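Enquirer: Chain residues, written in single-letter form:
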Amino acid sequence: MWRDALLVAGKDLRIEARSRVATNQVAPFAVLVLVLFAFALDPDRGLLTRAAAGLFWVAVLFSALLAVQRAQTVESGEGTGDALRLSGLDPAGIFLGKAGAVVVQLFALELLLGAGVVVLYGVDPAGYAALGATAVAATLGLAAAGTLYGALATGSRGRETLLPLLLLPAVAPVLIAATRASEAALGIGGLDVAPGDWLALLGVFAVVYVAFGVVAFGPLMEEE
Amino acid sequence: MTTETSTTDMATTAPVPAGTATAGADVSEPVERSTSGPLALSLGLAAVLALGATVALGLTLPATVEQGAYSRLIAIHPGVAWASYIAVAVTALASALWLWPRTRSARWDRTAGASAEIGVVFTALTLATGSIWGRPTWGVWWVWDARLTLSALMLALYLGYLALRRVPASPDARARRSAVTALLAVAVVPLNHFAVTWWRTLHQGRSLAQLDPGNDVDGAFIAAMLLGLLAMTLVYAWLLVHRVRVARLEDEAEDAMLALAIAERRREAAPA
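From first to last, the protein sequence lines are chains A and B.
Under this note's numbering, think of the first position of the first sequence as 1, with each following residue one higher.
Under this note's numbering, think of the first position of the second sequence as 1001, with each following residue one higher.
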């Protein structure tokens, strides 16, 4: 399973490295979202700095949608999906591999966006360990949920619009928990709930979706 | 069964009650054309009676000092919220039954879809009645309270589920996808619950908690609320029975159309 996962993740990342869709389209889009938030909120009154954690995760969420859609598009053309089904790879491995490739891309995006909020929103970076833990847990959950819903919505004509409708309400806890945990790490905003609880919530979310994906991906792949 | 008889049947036979479903004598298989039946009829009557009683009792409730006439919404709001929970639970249960190989049957898929549709309606009604109550009581149509947010998220989740059901696919593939999505949606509910509860809490305590002894809520309000719960449950069950039967008729009609089309193509191909 793990060997298959590495194979699939390597394949997806090689495709991304060669096609440069992630670097040429998704990354600029993510930065553009940060700029648009600045237009929407008055940049002068410290509003952006206080909202930075939430805006950061919303930008990650939107970029994750693009990354997941991209990961599904790769399998939809020229019978590649069938080839993957016939390859004899473990479906759980395929799921972990595709999710893993999305995780790597999202990590890169989060570094970029992190630099973006520091430069554009005037955030003082702090609490690196807590931020890192938050990012890892949230990204695993996002990638697993995204890959699973991507597979559910795949093969449908209205996929581009169906995926956000399925994914965004499902990952709402990730947005809430990641935002609060990041705010705690950065020392913004008052908190009633301990940052550890938010991290635990992110962890549980990631575990639930990874487990669900490992079990359900096989039957979902076989169907067409 | 020849194609001619089935065409005329499809075109001319009016809906007949379930008891006389075999009226189309030319059709070899008895096809039920109506969604009514003893169960649906009795559920419908009970639902109408309970709903009528709820309305009557709800409208005669005294206006309270703080909330005025709006407190009468207690006859409706907890009931529709309750029905939406039942609908979600039934969808999850039916999906699990479809996924379990021994109990796999198209019936569970139809039940899951039908229940989700009704659940979306009841969830929307819950949000609407809650908003109508919240405007005079809280001063705003919407507050970012945990339970309101959770209901809104549920509505979005199940709208997505219904959208997924609309995606054309083979019945088996669609049922599998839908069942997985429904179970995922239920798995997310506790996570959503914790997230929004830690995030915000403003809603007044659960309405059922008012039943605690020592709580000086007027008995008429409790009666109206409980009657509302019963009425909405009956309405839900009634709608569910009809919707499941409509879904089965849809499937049957689709099969019949397909068989007809195949037969026609065959006849075209056959030498005259």
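Worth flagging that the hints you see were computed from the coordinates, not collected in a lab.
None of the values given here were measured: they were computed from a predicted structure.
Some clues are possibly wrong.
Which residues of chain A face chain B? A partial, calculated answer using Cβ under 10 Å [unchecked claim]:
| id | residue |
| --- | --- |
| 1 | Val119 |
| 2 | Val123 |
| 3 | Asp124 |
| 4 | Ala145 |
| 5 | Pro173 |
| 6 | Leu201 |
Derived DEER-like restraints, expressed as beta-carbon distance ranges [as the list claims (entries may be wrong)]:
| id | chain 1 | residue 1 | chain 2 | residue 2 | range |
| --- | --- | --- | --- | --- | --- |
| 7 | B | Met1257 | A | Pro43 | 53 to 61 Å |
| 8 | B | Glu1264 | A | Ala40 | 54 to 62 Å |
| 9 | B | Glu1264 | A | Arg18 | 46 to 54 Å |
| 10 | A | Pro125 | B | Trp1138 | 45 to 53 Å |
| 11 | B | Val1055 | A | Pro43 | 50 to 58 Å |
| 12 | A | Val118 | B | Leu1093 | 33 to 41 Å |
Heads up, the beta-carbon is just placed ideally off N, CA and C, and yes, glycines get one too.
Enquirer: Now tell me, hint by hint, if it's right for this structure.
Expert: Outcome of the hint check:
Nearest Cβ of chain B to the Cβ of A/Val119: about 29 Å, over the 10 Å cut. The hint is violated. Given the 10 Å rule on beta carbons, the hint for A/Val123 is violated: about 21 Å separates it from the nearest Cβ of chain B. At its closest, the beta carbon of A/Asp124 sits 24 Å from a beta carbon of chain B; the interface hint therefore is violated under the 10 Å criterion. Look at A/Ala145: its Cβ gets to within about 8 Å of chain B, closer than 10 Å, so that hint holds up.
Because the closest C-beta pair between A/Pro173 and chain B is about 4 Å apart, less than 10 Å, the hint holds. Below 10 Å, beta-carbon pairs count as interface contacts, and A/Leu201 has one with chain B at about 6 Å; its hint therefore holds. Taking 53 to 61 Å as the suggested C-beta distance range, the pair B/Met1257 and A/Pro43 conforms, at roughly 60 Å. In this structure the supplied range 54 to 62 Å holds for B/Glu1264 paired with A/Ala40, their Cβ-Cβ distance being about 58 Å.
Evaluation of the 46 to 54 Å hint for B/Glu1264 and A/Arg18 yields a pass: the beta carbon distance comes to about 50 Å. Checked against the given bound of 45 to 53 Å, the beta carbons of A/Pro125 and B/Trp1138, roughly 39 Å apart, lie outside it. For B/Val1055 paired with A/Pro43, a C-beta distance near 54 Å keeps the hint of 50 to 58 Å intact. Remark: the range hint 33 to 41 Å for A/Val118 to B/Leu1093 is contradicted by a beta-carbon distance near 49 Å.
The earlier numbered hints that this structure contradicts are 1, 2, 3, 10, 12.
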